[in-house]
Amino acid sequence: MKRRSIFLNTTAMLGFIFLYAPIISLIVYSFNKSKLVTVWGGWSLKWYTELFNNEQIMDAALVSFNIALISASLAVVLGTMAGFVLSRMGRFRGKMILSGWITAPLIMPEVITGLSLLLLFVAMENMFGWPAGRGTGTIIIAHTTFCMAYVAVIVQSRLASMDETLEEAAMDLGAKPSSLFFLITLPLIAPALISGWLLSFTLSLDDLVIASFVSGPGNSTLPMVIFSKVRLGVTPEVNALATIMIAIVAVGVLAAMYQMRRQTKLSSGQE
Amino acid sequence: MSISSGSAWVNKSASGMARYNLFRRVNWGRLGVIAVPGLWLGIFFFIPFLVVFKISLSESAIAVPPYSAMFEWNLEDAYATFKLNFGNYLYLIEDDFYLDAYISSVKIAAVSTFFTLLVGFPIAYLIARSKPSLRVVLLSLVILPFWTSFLLRVYAWMGFLKKNGIVNEFLLSTGIIDQPLIMLQTDFAVYIGIVYTYLPFMILPLYTALEKMDLTLLEAAEDLGSRPYQSFFLITLPLAIPGVIAGCLLVFIPAVGEFVIPALLGGSDTLMIGRVLWDEFFLNRDWPMASAVAIVMLVVLVLPIMLIRNAQGKEEVHS
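Residue numbers (UniProt numbering), protein chains in the order written: chain A, 1 to 271; chain B, 1 to 319.
Just so you know, the hints here were simulated from the structure itself, not pulled from any lab data.
Wrong hints could be hidden among the right ones.
Stretches of chain A that chain B covers, calculated by requiring three or more beta carbons in the stretch to come under 8 Å of a beta carbon on chain B [what the hints assert, rightly or not]:
(1) 25 to 33
(2) 130 to 136
(3) 223 to 229
(4) 248 to 259
Backbone N, C-alpha and C fix where the C-beta goes; we use that ideal spot for every residue, glycine too.
Input sequences plus hints: build the corresponding full structure.
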């Protein structure tokens with residue numbers, strides 16, 4: 001056992017270094033005074049001030065934030081319904097097709113999703129005059145569509161692992177379907193809804209390909225601006241932006257981790 | 001079965017009974033829950049493919065939008081024309097460029113999936129065999145990069161791999177090499193990028209499979225004189241196969257259609273079909289050709305994967 005552990009620990013350690021070295025280098029070089037990535041010019045917050053003074057990036061960040069907020073919320077509503085269709089609706093005509101539609105966005109290459117939605121929007125505009133032009137609205141529709149698939153899968157697995165006796169008891173006691181849902185089922189699946197919302201928010205905030213297809217002129221999201229900057233080479237402002245985003249995510253994940261550890265301790269203490 | 005067996009608020013009696021109920025009294029709540037996501041996906045997920053298929057059969061034109069109309073009619077002389085153009089598909093077959101791009105995408109995705117498995121397995125194994133309290137920490141460390149921006153993680157490798165980047169500077173300073181290696185804008189960089197960004201997708205299913213494993217099997221094997229590597233190949237690996245398959249699919253599927261990684265890390269000769277479609281659309285503005293590429297990609301790459309996944313799902317239900 002011991003000998004194997006040494007080999008295993010080294011390879012796994014190398015794996016973790018592989019995972020974190022690029023992220024750490026981004027953080028370190030965001031504080032670099034010199035513009036050259038490999039030359040260390042001393043510590044400085046210069047790139048952070050440049051970042052906050054860069055109107056293009058700040059505007060795009062606001063646009064992306066709004067889109068992510070709305071898309072994630074819509075995706076949670078639609079995705080929860082879809083999750084119920086997958087796990088609690090019994091059989092009905094067309095269930096196979098609908099289940100296929102619900103999970104297919106998960107494996108669809110982004111370029112295809114983006115192209116097909118753009119062509120749909122163009123065709124619809126020609127036929128009904130809606131959506132007039134493309135912009136935030138069309139990006140929200142596109143993001144909602146692919147994010148709801150993730151929410152549906154999360155909600156479905158939560159419903160599948162849930163104790164149904166509570167719902168049965170409520171129904172035996174005469175609860176109406178609507179009160180059953182809002183008083184019993186919804187609180188029980190709330191953790192799944194929260195993680196679904198957070199995942200959708202992140203996915204929407206991060207999407208470059210689909211947004212590039214369905215956005216109109218003058219409606220650049222944050223990833224689109226980053227991509228156009230980064231294509232020309234490494235830019236220290238983007239390092240600063242990355243550091244801020246990583247810090248936010250790290251705080252969130254650490255908080256979730258702390259919560260989980262506490263729960264593990266509580267449950268193991270009870271045993 | 002008790003009266004309220006199965007799901008509570010849905011009348012989940014025998015299906016014949018349910019259909020009978022549907023005729024007598026429409027259950028609006030149930031209908032709404034099915035119809036709302038159904039309509040949304042029908043309009044924004046299914047119909048778009050029909051539109052793509054339609055446009056793949058039209059001709060590129062200098063117009064807004066830049067393709068010819070399939071159906072035209074002239075009321076005055078009561079003359080209707082219906083034009084189908086298979087030229088895009090013919091061109092796809094005739095020009096080796098597209099075939100090469102499809103093959104090269106599958107090759108790049110397959111090779112990187114294999115390396116992701118090689119890197120991911122020891123990590124997943126270590127996590128599955130560590131103490132529960134440490135497990136949570138290590139799992140969070142694996143998931144943390146997944147929550148940070150994909151684009152920025154790919155970008156981080158640009159600073160690492162470029163000619164005067166961190167890797168080259170390090171190797172030069174230690175004297176391992178005297179000339180900087182050309183790594184950025186090569187296929188090698190694309191492999192690294194895919195392995196790096198999709199590693200969490202590989203580790204999590206592997207971990208789930210390894211964690212479920214019954215460790216007494218290994219003890220039994222050891223008692224019977226099996227060497228550690230024999231136990232690994234004869235017991236651990238076969239039991240981890242479901243995780244290996246799930247992880248490989250989770251990496252391979254998105255990697256085939258990848259655009260960002262080849263665009264930022266790959267060279268101009270790195271052929272991947274997602275990038276070809278992007279260039280066809282954004283650079284050549286040839287919407288019909290881009291649509292034809294998408295349809296072929298859908299039929300050749302996506303549909304088989306969906307069928308495999310379906311078959312897998314059914315197997316799980318049976319077992």
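Structure-based check of each hint:
1. Using a Cβ-Cβ cut-off of 8 Å, 3 residues of the region 25 to 33 of chain A lie near chain B, which meets the minimum of three, so the contact claim holds.
2. Counting residues of the region 130 to 136 of chain A whose CB falls under 8 Å from any CB of chain B gives 0; the rule of at least 3 is not met.
3. For the region 223 to 229 of chain A, the assignment as covered by chain B holds, since 3 residues bring a beta-carbon within under 8 Å of that chain's beta-carbons and 3 suffice.
4. By the rule of at least three residues with a Cβ nearer than 8 Å to a Cβ of chain B, the coverage given for the region 248 to 259 of chain A holds, with 7 such residues.
Hint compliance for this structure: hint 2 is the single one not met.
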